[in-house]
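Enquirer: Going down the list, the sequences are from chains A, B, C and D. At position 11 of the first sequence (counting the first as 1) the number is 11 in the working numbering, and the numbers step up by one without a gap. At position 106 of the second sequence (counting the first as 1) the number is 411 in the working numbering, and the numbers step up by one without a gap. At position 292 of the third sequence (counting the first as 1) the number is 902 in the working numbering, and the numbers step up by one without a gap. At position 297 of the fourth sequence (counting the first as 1) the number is 1212 in the working numbering, and the numbers step up by one without a gap.
Just so you know, the hints here were simulated from the structure itself, not pulled from any lab data. There's no promise every hint is true.
SDA-like, lysine to any residue: derived pairs with alpha carbons at most 25 Å apart [said to hold, decoys possible]:
#, chain 1, residue 1, chain 2, residue 2
1, B, K312, C, G885
2, A, K7, D, K990
3, C, K720, A, K142
4, D, K917, A, D39
5, A, K175, D, K990
6, B, K574, A, N108
7, C, K721, B, T519
8, A, K142, B, G402
Protein chains: 4
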Amino acid sequence: MKFNRMKQVDIRPNMTTNELLSTMKNGGFTCRKVALATDLLEQMIQDDACTIFLGLAGALIPGGMRNILRIMIEKNMVNCIVTTGANISHDLLETSGGSHYHGSEHLNDKKLNEMQISRIFSTLIPYDSFLKFEALAQKILKSVPDQRMSSQEFLFELGRYVDDPKSILRAAFLKKVPIFSPSFVDSMLGVQTWLFAQTNPFYIDILKDHSEFTKIVYETERMGALFLGGGVPKHFIMNGSQLHNGLSYAIQITMDRPEHGGVSGASVKEAISWGKVETKAKWIDIPSDVTLVLPLMVSGVLSRL
Amino acid sequence: MKFNRMKQVDIRPNMTTNELLSTMKNGGFTCRKVALATDLLEQMIQDDACTIFLGLAGALIPGGMRNILRIMIEKNMVNCIVTTGANISHDLLETSGGSHYHGSEHLNDKKLNEMQISRIFSTLIPYDSFLKFEALAQKILKSVPDQRMSSQEFLFELGRYVDDPKSILRAAFLKKVPIFSPSFVDSMLGVQTWLFAQTNPFYIDILKDHSEFTKIVYETERMGALFLGGGVPKHFIMNGSQLHNGLSYAIQITMDRPEHGGVSGASVKEAISWGKVETKAKWIDIPSDVTLVLPLMVSGVLSRL
Amino acid sequence: MKFNRMKQVDIRPNMTTNELLSTMKNGGFTCRKVALATDLLEQMIQDDACTIFLGLAGALIPGGMRNILRIMIEKNMVNCIVTTGANISHDLLETSGGSHYHGSEHLNDKKLNEMQISRIFSTLIPYDSFLKFEALAQKILKSVPDQRMSSQEFLFELGRYVDDPKSILRAAFLKKVPIFSPSFVDSMLGVQTWLFAQTNPFYIDILKDHSEFTKIVYETERMGALFLGGGVPKHFIMNGSQLHNGLSYAIQITMDRPEHGGVSGASVKEAISWGKVETKAKWIDIPSDVTLVLPLMVSGVLSRL
Amino acid sequence: MKFNRMKQVDIRPNMTTNELLSTMKNGGFTCRKVALATDLLEQMIQDDACTIFLGLAGALIPGGMRNILRIMIEKNMVNCIVTTGANISHDLLETSGGSHYHGSEHLNDKKLNEMQISRIFSTLIPYDSFLKFEALAQKILKSVPDQRMSSQEFLFELGRYVDDPKSILRAAFLKKVPIFSPSFVDSMLGVQTWLFAQTNPFYIDILKDHSEFTKIVYETERMGALFLGGGVPKHFIMNGSQLHNGLSYAIQITMDRPEHGGVSGASVKEAISWGKVETKAKWIDIPSDVTLVLPLMVSGVLSRL
């Protein structure tokens, strides 16, 4: 084995994020991982034979990542999205005129409950924002055709009726980037959809998502994935990659731990045993909050394209 | 404020797990939390007006918890289950004659891949176990009536045809404990169901699960919950409890962290702001691997009933 | 490679902790690790050629572990201790008539500050307990001979004057189990010693600890270690084992993570590269709060001896 | 309570790290914490009445932070340092011509042991680098006056004889920034010092560090602290701040968790109950690997000064 000497990270005033990333490669641990992951994301994007899957779990929009995710779609950094329902719901909440607020994890939850403010760690959502979201959701649902749809078809239709240039759903609709959300029924949007379905001949065929996702997988030469958090999105993408010959590129960013065996914290390395990641794949695990890594990483890639 | 003096934990040879739990209450940190959570679980069970919801996420059966979960059903420690598809799939895998094996997290994943052995942290599953699972799944699916079902109705039907006294699905069927799995399509069983549905007029109506779950919630006087891991099961139960006046009792066991805002690691305290947990509720967060806490806790409760 | 089939954990009413541990071996993840670590600790103890080193870091006595640590000394489960100053300080605080109290991590720290109550996560210490500790510390320091001592000699002398059957210091003195605390000056006891030294010709020669510890290491045929937390105690023991041919047995219990390179969270496996742990050593890493694992583990070993 | 609306993070090509930090303030969770911590560090530096204490624990130089720490000293971002011996040892190792290498946490530790390469997570150190370090250490120790010194006096003397413009020790000597290392004896440098002391009338008086540190604390109007990791450095600084009226500013960056009560993972908030942090202090906890946060934060501050 041959190893390279570490040069140590260097900094100077007014450096760009890309310059910082390139010196971070001289460091160790998570510092270096993030720099290498940025190169890997760029490489995936440059590989025309690679379809890039983006897995979205956790509170990304309450974490402030909405614009960055939209930019990734608009700049062709991603070709297919699998997400929890929460990310769609919070995207629509912002579109509806509702908003997220800066709070603190140390606030008194009983007081917040009296004030009708819901807390997501240090981010807050007041009740009226939920009302705005619900009104918008019901309005859009009326526009959606009454037919048996996969979550992907359903979200594509929603995107058609979202009139908001900042919306992730809208950007995906315009760029024809499919969004799968196999578990979206377990979300605020899922509840609104259920309410709507009580009085409308309307339902979601989750099994159909498998057919559509599998089709994309089989038509792909190479698969790459960026996992922001784990959960259903990670598992669903990995399930597809197993039907293919495994991911050729994989970046995982999560604070979850592997020791209890759950899929969210499972190492990318473990997925090699399953054939979900190629034995020759390029991959990196980043043990960090996504909100800290994604802005730095994507601003770097944005400067290189 | 009045505080009680800590006595320190004491041990002696041949003590029972219940005796250990009662002296652990004299300790601090996680030691005491587990002892208090055991009392709280007992209290939930003794409260006849309380419906106990069990949220199952993560690799519980690869972690060895299958018998304990079944015993909880048989001994009326739980009234309603919400689970990921994985726990159902691994329950069926054991029923099928397949098995989980003791391995190590330090094994070479490329070698395991060549040997067709899949790794879940330190637990292994050989390929033939998956084949046995798939054969059983297809066999049972043939028995299930071709109709539009919720995941709950579907899993109840599966339980009818599982001939295995050790099975969680079977025990739940016999005790009429409903099992909801809103995201089960994203699991090995989900894939088998999808394959089956390619040639059979068969599908799952996830929205219907909402109707059935909401009905249980509304008919309940008080709600209690034991969350083993987070994910969709935690979120789905919490969504129901918000429609009710919140959980009266809650125990959460997870290694996930709250700092990134994801639901899995969110503190029970945070749920108070949402009205998902009553302001006067009794609740405990336990930052630990479920496989370490559950055997001790349930063996304690078992001795008290 | 040959792997063993997992039997799943089984429980029954009124089982002993030892019975629980033996069925936990049939589980996976942390459940199994704790069961295997208990066997490993027993094996170290049964190995007459092995000197057992106990590393103590973190808030063990505020966590309720005082009696268990004392029992380990009295029952010859440990031959040499390396600890932070905090564990000695809190042992003396209990001896002084001061005490730790059950609180909560959710208390208002500003209010606690006004009430002169100090918080260690969920454990509380009122100001008067510190005063009792300080009075006892000064009283004992007066008895200690004015001479240049290593921390080990100093703590042995302290043990001579501690009249408390529940004290760890006392038990170690009686059993002639040396206690090293290379960083004890950074603790409440360290501050008291510093104050005392302002008016007394008295000082601690930390370098001398190296000489004494190295002597023990060289005279030992085999080394085994139980690391409760990391920090200086872990590093100091590992430094000694590197001079030897490495640890033959090692158990590490910590919630710290390895990804940032710090010694506290470093895996035992990593220490093999350093020669601090033998390539053929038996070792286990347990990712858990010590207060949850130690009572179960030691009660099990206690029943077997 | 009044809360501010979250604007979401925005990025563009070729933005500077400072521009990134200012938009990160519009995000949530760790993203926002890092941006706010950068402002807080700047504020501490601008406050002429504030003495800034830097606590260094963990593997900072194997993580690539050597230049950044030196720049912080040279640019007057820090007035007093408390560190583990490891950071001094690795600084000297680089000065000696030895080096750290890029490796991986997945390497085979038995093979590395055969190759005489020591692993610190993903960073490697070959045996000859240790030999170079030891030779340099012995050479410098010969120059140091034979007298009873505190660790601070000792490290200041070492700095005098380190001829390396990149060295942290050297920069601190030139800028007269005192470096305390109360537990340095438990490090590679400590071992070299111990060996040297076997044949030289030489020793370290750790109690004297208390006197010197206390003097700095009492002469300070306000105290601010940046804690990179925890351990002895954090505890030692906090012990000093308790003698003062507590820290006025505090930033903590660590991956350690609070739930087990150890000082390293304890929240800054907890320190308020102890009077170690003022009730009116400005403080931020950042749950992250230091190597990821420090380069971004310091490059930002560097651009503002």
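Enquirer: Please go over all the hints and tell whether each is borne out by the structure.
Expert: Evaluated hints:
1. B:K312 x C:G885: violated (41 Å)
2. A:K7 x D:K990: Holds, because 21 Å separates the two Cα atoms, which is no more than 25 Å.
3. C:K720 x A:K142: Distance ~52 Å between C:K720 and A:K142 Cα, so the pair is violated.
4. D:K917 x A:D39: At roughly 42 Å apart (the allowed maximum being 25 Å), A:D39 and D:K917 break the hint.
5. A:K175 x D:K990: Given pair A:K175, D:K990 is violated - Cα atoms ~48 Å apart, limit 25 Å.
6. B:K574 x A:N108: Holds. B:K574 to A:N108 sits at ~9 Å (cutoff 25 Å).
7. C:K721 x B:T519: Violated. C:K721 to B:T519 sits at ~42 Å, over the 25 Å cutoff.
8. A:K142 x B:G402: Since the Cα atoms of A:K142 and B:G402 sit roughly 49 Å apart, the hinted pair is violated (cutoff 25 Å).
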